[in-house]
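Protein chains in written order, with our numbering: chain A, 1 to 320; chain B, 1001 to 1248.
It is worth saying that the hints were derived from the structure and are not from the lab.
Incomplete in silico selection of chain B near chain A, CB under 7 angstroms: (1) T1014; (2) Y1120; (3) N1121; (4) G1122; (5) G1127; (6) I1157; (7) T1166; (8) K1176; (9) G1177; (10) A1214; (11) F1217; (12) K1227; (13) A1245.
Taking lysine to aspartate or glutamate and the EDC-like style, the derived pairs with C-alpha atoms no more than 20 angstroms apart in a straight line are: (14) B:K1025 - A:E142; (15) B:K1213 - B:D1027; (16) B:K1152 - A:E183; (17) B:K1002 - B:E1051; (18) A:K311 - B:D1235; (19) A:K311 - B:D1230; (20) A:K56 - A:E84; (21) B:K1223 - A:E286; (22) B:K1161 - A:D190; (23) A:K313 - B:E1244; (24) A:K313 - A:E218; (25) A:K311 - B:D1232; (26) A:K191 - A:E10; (27) B:K1219 - A:E142.
All C-beta atoms, glycine included, are put in the ideal place defined by N, C-alpha and C.
Listed below, chain by chain, are the residues.
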Amino acid sequence: MSVIVYTESENGKFKKAALEVVSYAKAIADQMGTTVTAVAINADSTESLGNYGASKVLSIKNDALSKFNAKTYAASIESAAKSENAKVVVVSSSADSKYLAPLLAVGLDAGYVSNVVEAPSSVSPFTVKRSAFTNKAFANTEINTDVKIVGLSNNSFGLVESGGTASVEDFSPSLPGSGVNVESVDKATDKVSIADAETVVSGGRGLKGPENWGMIEELAEVLGAATACSKPVSDLGWRPHSEHVGQTGKPVASNLYIAIGISGAIQHLAGINSSKVKVVINTDPEAPFFKAADYGVVGDAFEVVPQLIEKLKAFKAQNA
Amino acid sequence: MKILVCISHVPDTTSKINFTDGDTKFDTNGVQFVINPNDEFGLTRAMWFKEKQGASVDVVNVGGAETEPTLRKALAIGADAAIRVNTEATDGYAVAKQLAKVVNDGGYDLVIAGRESIDYNGGMVPGMLAAMTDANFVANCISLEVDGTSAKAVREIDGGKETVSTSLPLVIGGQKGLVEESDLRIPNMRGIMMARKKPLTVVEPTDASAETKAVSFEKPAPKGAVKLVDSDNIDELVNLLHNEAKVI
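So that you can see chain B by itself, here it is in the shape it has in the complex (with noise of 0.2 angstroms):
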């Protein structure tokens, strides 16, 4: 089985968020960049096909050479092969259709990737790309096994969960369930090491013209201070979420 993983390259969790050039580009100054959390879920279920049932994994992403940092961190966790399109990552649907190639190219079996990225939240990319695979696709999958051609998945829906069978080619947008927190991998030393000496293969891009664009980024109004309610006088919660906020 031939998977590929693919790497969003985005500001860890705690980043400032703030925007320069009149308020139409993300600010990278002073933030670090890390492998999209639902990515690393997925990258960490991949590893385990590997072990398990000897599959290969490839790891891609659409970027200039800055992500390239993120797609070594990737291979120090067990990737066995990088590939970054070089050039810059428009919107959903341009790079899935920069994937779309990749995948086309390569021959994969599996593709997985994160449910959305936690900088633009899009959650497109998986589902544009499998239709342009022609591949089946599961969204918002909590768990996956595959044996042969079949596959069996669950996805999260409002409310629970729903058990699925398919087929491969299959692209699917991982979250945490795939595998757990706790599981996930931190590259080690050796890791490390062995990751500066696998392939990292920089493809130039397929012609792809973005569909959306964002002109500008604000943020939200400053929020005022929380309203503190004496735990003795719940009477005057109520009151105000009733007559103030009018929730209730």
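Next up, chain A with everything else stripped away, as it sits in the complex (with noise of 0.2 angstroms):
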């Protein structure tokens, strides 16, 4: 009856979206008077899910697994679900859990609602609130079906250590064929990625060339966050594709986001408009995305970032 949550690591570690999913099946689990099962793929420190609110943990360790696959991995979770006859599986909204939900949904005959914003404002009637319509509105959802899915939006309901403790066992799924498999990954393994970042910083066509991303970078670095840019940075090859955000780009959640010589264009906004705090600076106060910020500066880049980076190592040193 339990809740299960797939806790999604990296190289053996626990990402800060699985500790998330923890602290929110926590939550359901306390509504429906149940506890929490966490299913955990090659990962290390298992019991530590416990300080999240997991009372127990099934931890696979299978070298079959050690690259991410949508269906095997999937394929764990459903039957992690089956053998603890759970009625409610939570996931994160990474790339790899957003792949993984729809199979499982399937596999486990299950209502699957991506996006979720919050706790369940009911648990009979299953109802969560989930983003839709680009962040433009919000959906309150009945899942009907026995088993239910929710997929829960990064950085929505935050990290709840309630200094529990966890027991371990060892699960051995059987897995089907990969039916796809992994070549090769291209991945900047010493950067923050823009679904894990709490904060952003994105750079558009303001800044007026490649050359000038070093500021960008530097200020990414003081604030441990992630780089991103526009659109048309990306259209027009200053900046790799991946960190293009907006409509058609990756969608942003983080808890600040920083525009920097970005206009604001809506497609723009769509993606980036469930970021909690949004800072923008721009020379042109006309410039839409001030309608969309909590704060402002009018003034050029090249001469508030660099500023900006000198406050902020100071205020690092001062609260260090």
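Using the supplied hints, reconstruct the complex from the two chains, each of which is provided in its own coordinate frame.
Structure below.
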């Protein structure tokens, strides 16, 4: 009867989103009067999930799962959900979790709701609030199947430490053929990804050329942030496509989004709207981004950004 | 190679989002509908398969008669034939179930869908469709090449990309990168004239009930005005982010 939660890890270490989904699953389990069982694949220190509300961890260690594969991972979670007789399965909104969730939904005959932004308003009928219309609205959505899958929007619930402990059990599901084989992965390992980042620093055409990205990267480094860019910048080839945020690029749901030299086209704003606090730095006070932002500086990025880096460094030194 | 491109009929990005009937229904009044942008990249990629590798390209939509202009537009861009499953698109599961029947009946080798529609943003139809039809599946697909029955695809992952090999039958959730925005095709007069003569088949739905239901909609609380900080007073910005917004 427990709530199952899939906890993503990378090189054995849990991602922040994994701790957030466990915290969220605990809130659902409390509402339903049950407990949380986490599924961890090739992760270390699995007992640490107890601190976020898991009572039990099903720990899967299998070399066949060393690379992410939607089908074999979905089958593993499906098998765990069945063995626990779970009624609710929680996943995150990472690229991998969103990839496997629809497969899991078909496997479990479960209704799946993605981009959920808060704890269920009711567990009977099971009703969750999700973002829709590219963050321009919310839909209160009922799931009417016996088993339910909830995809939590990243950074929407936060981490809740409960100080509990979890028992760990080895779990060995049987795996289907993978169907899709990874040939190579191209990923900057020393950088925070946009999906995982709490802060995103984003540059637009106002920066005039790729040679001026040094200050964007420096600002990102000071803030421990991911770097991103507007669509024109990726179309011009100044920055890689993987940094493009907006409606047809990556969605951003960070706590802090800093837009530098970005005018704020509607397609851009659609992709970043669910960020909590938005800061805009632009020379043009009429730029549409000022209507969407919480804080704004009308000024030349080439003067403002170096100052901001300096002030933030001083702030960090003082608060270290 | 038989290709099916799934076309969502969605409100244009600039549409005002409002709701009617006690906030239970999307208000289509004055809204212009377009081909879902993520599907449009896939449609153009399919045209390249047709032109370079001799594939046939059908398009499909699950929806009422009001979605036919969107299917005609896809035909004008170059698809060979269109199918409309005559039922309201209620949730991702029900849509995937209808599409699975179309895929099985038509014997398609490759199904190109968008990673998500820009209206409900469910992002689940391509994956569910793959699972229901026992096809391989690549999400967030930004590049696809097919040679015989083998396929090579690139998937966008958090912080980078991943190259995978797989085989037909295959379903992809496509997005920008499959082709670039500058590659997208605008229907010309000849295409529009030809589209009128191309087949648009209306098929009746199979039995599929929704698993989820949007019971009500709400809009985010209106945002307060932007707080402007003088460009000579960046200390104040740091102070606001720390003490007021509490994000640093």
